[in-house]
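Both chains are given apart, each in its own frame, so use the hints to dock them into the complex.
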Amino acid sequence: MEELLKRLAVCIERGKVDKDARHPPDMQGQDGASELTRQALDAGVSSTELLEKSLMVGMRRIGDRFAAGKAFIPDLLIAAKAMNAAMVHLKPYFTSGEAQHKGTVILGTVTGDLHDIGKNLVKMVLEGEGWQVVDLGTNAGPDRFLAALQENPHALIGLSALLTTTMLNMETIVQQVKKNSPDTPVFVGGAPLSADFSGKIGADGYFPEPQSFARHIDDKYGRVRS
Amino acid sequence: MIENTDILFNIEKEVSLDFEQIRPAKEQILQAIHYHDDCRDDVVCDTIKQLLRQAGEKADIRIGYKLYPVLKAERQTKSIILEQTVLETKPIIFAQLHKADYLLIFAATAGAQISRWADEYVQQGDPFTAYLADAIASETVERAADWLEVRIGQQMAKKGLNITNRYSPGYCGWDVSEQQKLFSLLPENCCGIRLTDSSLMLPIKSVSGVIGVGKTVRKTAYKCAVCDKEDCYLRRRP
Numbered sequence: 001m002e003e004l005l006k007r008l009a010v011c012i013e014r015g016k017v018d019k020d021a022r023h024p025p026d027m028q029g030q031d032g033a034s035e036l037t038r039q040a041l042d043a044g045v046s047s048t049e050l051l052e053k054s055l056m057v058g059m060r061r062i063g064d065r066f067a068a069g070k071a072f073i074p075d076l077l078i079a080a081k082a083m084n085a086a087m088v089h090l091k092p093y094f095t096s097g098e099a100q101h102k103g104t105v106i107l108g109t110v111t112g113d114l115h116d117i118g119k120n121l122v123k124m125v126l127e128g129e130g131w132q133v134v135d136l137g138t139n140a141g142p143d144r145f146l147a148a149l150q151e152n153p154h155a156l157i158g159l160s161a162l163l164t165t166t167m168l169n170m171e172t173i174v175q176q177v178k179k180n181s182p183d184t185p186v187f188v189g190g191a192p193l194s195a196d197f198s199g200k201i202g203a204d205g206y207f208p209e210p211q212s213f214a215r216h217i218d219d220k221y222g223r224v225r226s
Numbered sequence: 001m002i003e004n005t006d007i008l009f010n011i012e013k014e015v016s017l018d019f020e021q022i023r024p025a026k027e028q029i030l031q032a033i034h035y036h037d038d039c040r041d042d043v044v045c046d047t048i049k050q051l052l053r054q055a056g057e058k059a060d061i062r063i064g065y066k067l068y069p070v071l072k073a074e075r076q077t078k079s080i081i082l083e084q085t086v087l088e089t090k091p092i093i094f095a096q097l098h099k100a101d102y103l104l105i106f107a108a109t110a111g112a113q114i115s116r117w118a119d120e121y122v123q124q125g126d127p128f129t130a131y132l133a134d135a136i137a138s139e140t141v142e143r144a145a146d147w148l149e150v151r152i153g154q155q156m157a158k159k160g161l162n163i164t165n166r167y168s169p170g171y172c173g174w175d176v177s178e179q180q181k182l183f184s185l186l187p188e189n190c191c192g193i194r195l196t197d198s199s200l201m202l203p204i205k206s207v208s209g210v211i212g213v214g215k216t217v218r219k220t221a222y223k224c225a226v227c228d229k230e231d232c233y234l235r236r237r238p
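Chains F and Z supply the protein sequences, listed in that same order.
When we follow this note's numbering, the leftmost residue of the first sequence carries the number 1, and every step to the right adds one.
When we follow this note's numbering, the leftmost residue of the second sequence carries the number 1, and every step to the right adds one.
Take the hints with a grain of salt, since some may be wrong.
[To be verified] Here are the simulated BS3-like cross-link-like pairs (lysine-lysine), alpha carbons at most 25 Å apart as the crow flies:
id: 1; chain 1: F; residue 1: LYS6; chain 2: F; residue 2: LYS91
id: 2; chain 1: Z; residue 1: LYS49; chain 2: F; residue 2: LYS70
id: 3; chain 1: Z; residue 1: LYS49; chain 2: F; residue 2: LYS19
id: 4; chain 1: F; residue 1: LYS70; chain 2: Z; residue 2: LYS26
id: 5; chain 1: Z; residue 1: LYS215; chain 2: Z; residue 2: LYS66
[Unchecked claim] Sample of chain F residues at the chain Z side, in silico, Cβ under 8 Å:
id: 6; residue: HIS23
id: 7; residue: ILE117
id: 8; residue: THR164
If you are wondering where the hints come from, they were derived from the structure by calculation, not from laboratory data.
The beta-carbon is built from N, C-alpha and C at its ideal position, and this holds for glycine as well.
One chain only, chain Z, in its complex shape (with noise of 0.2 Å):
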C-alpha cells in the first residue's frame, strides 16, 4: 500500500461531457453488434449513419467517481476492502485489483431520453431501426466510460501511478447485485442514476464500475484476457 495517500483522497467528480467528445464511429457501432465492416452501401451503414446525426440531441452524457483507498486485498475471500463496503469481486477480477493501492468508483450514463430512444421505433412497428438505435445508446455511453478511463489514467500517471481496465459488477463472475454497494460509495444521486432492486440501473444506458489504481497494477489487452470463464455469455457471440 503507499504509505502517504493525502495526494489522492477526496477526488470525487461529476462531469458532463457533450456527445461530439464522446461520439462512436460508425465502426464502432458495427463492431459492436458484430456486423460485418465492409456495409458501405447498405441499409445497415445508412440507418446507423443518419442516427448518429439525432444522437447528440438525445444524448445527456454525465460521469460521476469517487476514489477510495484500498484497506485491504482479502485473499481467501477474494474481496477488496473500502472503508466500511466489501467488495466481493471474486477471483477473475481480485487477481486484477489486488494490488490496487484505490479504487476508483465510478458510474456513467448517457441520459434517460436516449435510453428511450429505441423505445419510440419499437412503438412504431421497427425493431430494426429500434436495434441500431439502442446499440448507439450503448456504444455512447461505453464511449464515455472509455473517456474516463482514459483521463484517469493520465491524471495518474501524472503522478508515478498505474490503472487497471475498468470492471464492472455482473461480468467476470462479480454478482451484479454488488452494484449497491458502489452507488452507497458515490455521492447520492451520482448522475441522476438510480438503481432498482433487482440492481439494474435507471436510465438503463448508464454503467458502473471500479478503476482500480497503483504503482504495480496494469493494463491488460483486452478484458476477456484476464478471464478463463469458459461457459460467459460473452463469449456465445459471433
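Isolated chain F (complex conformation) (with noise of 0.2 Å):
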C-alpha cells in the first residue's frame, strides 16, 4: 500500500491528472492521480491517511521546489489539477465528516482591484495542504469579508492587493475585520506589499508567496479552528 500512496504522491507532484493525460511524458498510459486516489480508497486507505501521507506530500513537495525558485506556477496549476482530480473522490468523505479541513481561509483581492492569480495560487497551494477556502473573488471590500467571516466564524482571513492603490484598501477591511471580530488573524499578500505595510495597517502577518503562508498557518492554526 506504501508504495501506492508514493505513486500517487509522485503523481501530485508531477502533475499526472489521469490515465488518459499525456502529461508528463514519460508518465504516459500510467494511473494517475484520479485512478490511484480510486484504487486506494477501494483497498481501505482512510480518507485522512491518503490526504496526509500521499496528496499532501505531493503538493508540499511541488510547493517547495516553487518556493526554492526550481519550479514555476505552471508546475503548481498542474499539481493543482492533479490534487483536484484526486479530490473529486475524497469529495463524499468531507461530506460525511471522515475527512476533515484543517480549517477554514476567507481569500479575496480587495477592493478597487481585479488582479486574481496571486489570490488564485494561495487558494490552490491551501486547498492542497487541507484548507477549506472560501474565495470571495476580486474588487472584495470589508462588508464581503465580514459576511463571509458571521457564516465561518473561526476562519483566518487573507486579503490580496496587486496596485499600491488597491493594497491601501487593505487597512480598512483589516479595521473593519479586527473591530468586529478582534481575534481573527488576518494576513496580506501582493506584489507591492511588505512586512513592513502588514504591521502599519495592523495585519497579523505578510507572505510574499503562498508556500510560507500555508507553512504559517499550518503551524500556527491547522486543526485548532476547524
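Here's what the structure looks like:
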C-alpha cells in the first residue's frame, strides 16, 4: 500500500491527472492521480491517511520546489489540477465528516483591484494543504469579508492586492475585521506589499509567496480552528 | 529644449492593429511566465500553442498617443512639466526623461474580450489554462506597446531625434495614481480605456506610459538597468 501512496504523491507533484493525460510525457499510459486515489480508497486506505501521507506530500514537494525557485507557476497549477482530480473521490468523505479540513481561510482581492492570479495560487496551495477556502473573488470590500466571517466565524482571512493604490484599501478591511472580530487573524500578500506595510495597517503578517503562508498557518492554526 | 517645435506639434493618433502584426511568439510567453524554454513536448507548450491560435479572435488591439513638448524638467521635485500637467515621475524615471524635449503619452489595450478570457477558464475550474490565457493577453498588449515604441523610434529618427524606453506609472517608483494625469493628456475615451478610482485600467489588459523624445535622450539596454531599487517586486522573480 505504501508503494501506491508514494506513486500517488508523485502523480500530484508532477501533475499526472489521470491515465489519459499526456502530461508528463514520461508517464504517458500510466495511472494518474484519479485512478490511484480510487484504488487506494477501494483498498481501504482512510481518507485522512490518503490526504496526509500522499496528496499533501505531493503538493508540499511541488510547493517547496516553487518556493525555492526550482519550479514555476505552471508546474504548481498542473499539480493542483491533479490534486483536484484526486479530491473528486474524496469529496463524499468530507461531506460525511470522515475527512476534515484543517480550517477555513477566507480569501479575496481587495476593493478596487481585479487581479486574481496571486490569490488563486494561494487558494490552490491552501486547498492542497487541506484547508477549506472561501473565495470572495476580486474587488471584495469589508462588507463581503465580514459577511463571510459571519458564516465562518473561526476562519482566517487573507487579503490580496497588486496595485499600490488598492493595497491601501487593505487597511480599512483589516480595521473592520478587527473591530468586529478582534481575534480573527488577517494576513496580506501581493507584489507591492511588504512586512513593514503589513505591520503599519495592523495585519497579522505578510507572506511573499503561498508556500510560506501555508506553512505558517499550518503551524499556528492547523486543526485548531476547524 | 528644441526651439522650433512646430514640426512635432499635433502628433496625435489612434490606431488599430491586427493580432498578426504583433502576435507574441511561444517563446515570449514562456519567458514572460519564467518557464523553461525546452518544453517542446509538455502540456505548457501545447496549451500555449492552442491558445495562441485562438487569441486573434479575442483581441481588439488599439493604441492611442499624443506628443507634448516638455516645458520644464524640475530637478528638485523630479517632475516633468507639460502644459498644465506636472508629472511627478520620481528620481529613477526622471533621470531617463529629464533631457527629453518631448514626451509621447500613450495608452494601448488588447481589448475587453481578451481581458476576460482567463475568467472563462477559471469558471470552468481550469486555473492552469486560465493562467496561460492571461499571460498571452498580457503579452499581447506589451507587444502592442513594443510596436508603438519601434514605430515612434523610426519616425523620430527621421527627424534626427532619439527616444527613451517607455515608462509607466506603477513602476520604478512612479506612483500608479499618476495614471490619472496621463489620461487627462490623452483624447477622451482613448482606445475605449476607462480608469477606475484606484487607477486600474479597464479593459484590464491595457498599458499606458510615456516615451521621452529628444536629441540627447537614449534607450537603455533593459529597463531594470536604470533602476537601483533593490526591494522592487519586479526583481523578486525566479
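Here is how each hint holds up against the structure:
no. : hint                 : verdict
1   : LYS6(F) - LYS91(F)   : 21 Å, holds
2   : LYS49(Z) - LYS70(F)  : 24 Å, holds
3   : LYS49(Z) - LYS19(F)  : 23 Å, holds
4   : LYS70(F) - LYS26(Z)  : 21 Å, holds
5   : LYS215(Z) - LYS66(Z) : 19 Å, holds
6   : HIS23                : 4 Å, holds
7   : ILE117               : 6 Å, holds
8   : THR164               : 5 Å, holds
Of the numbered hints stated above, none is contradicted by the structure.
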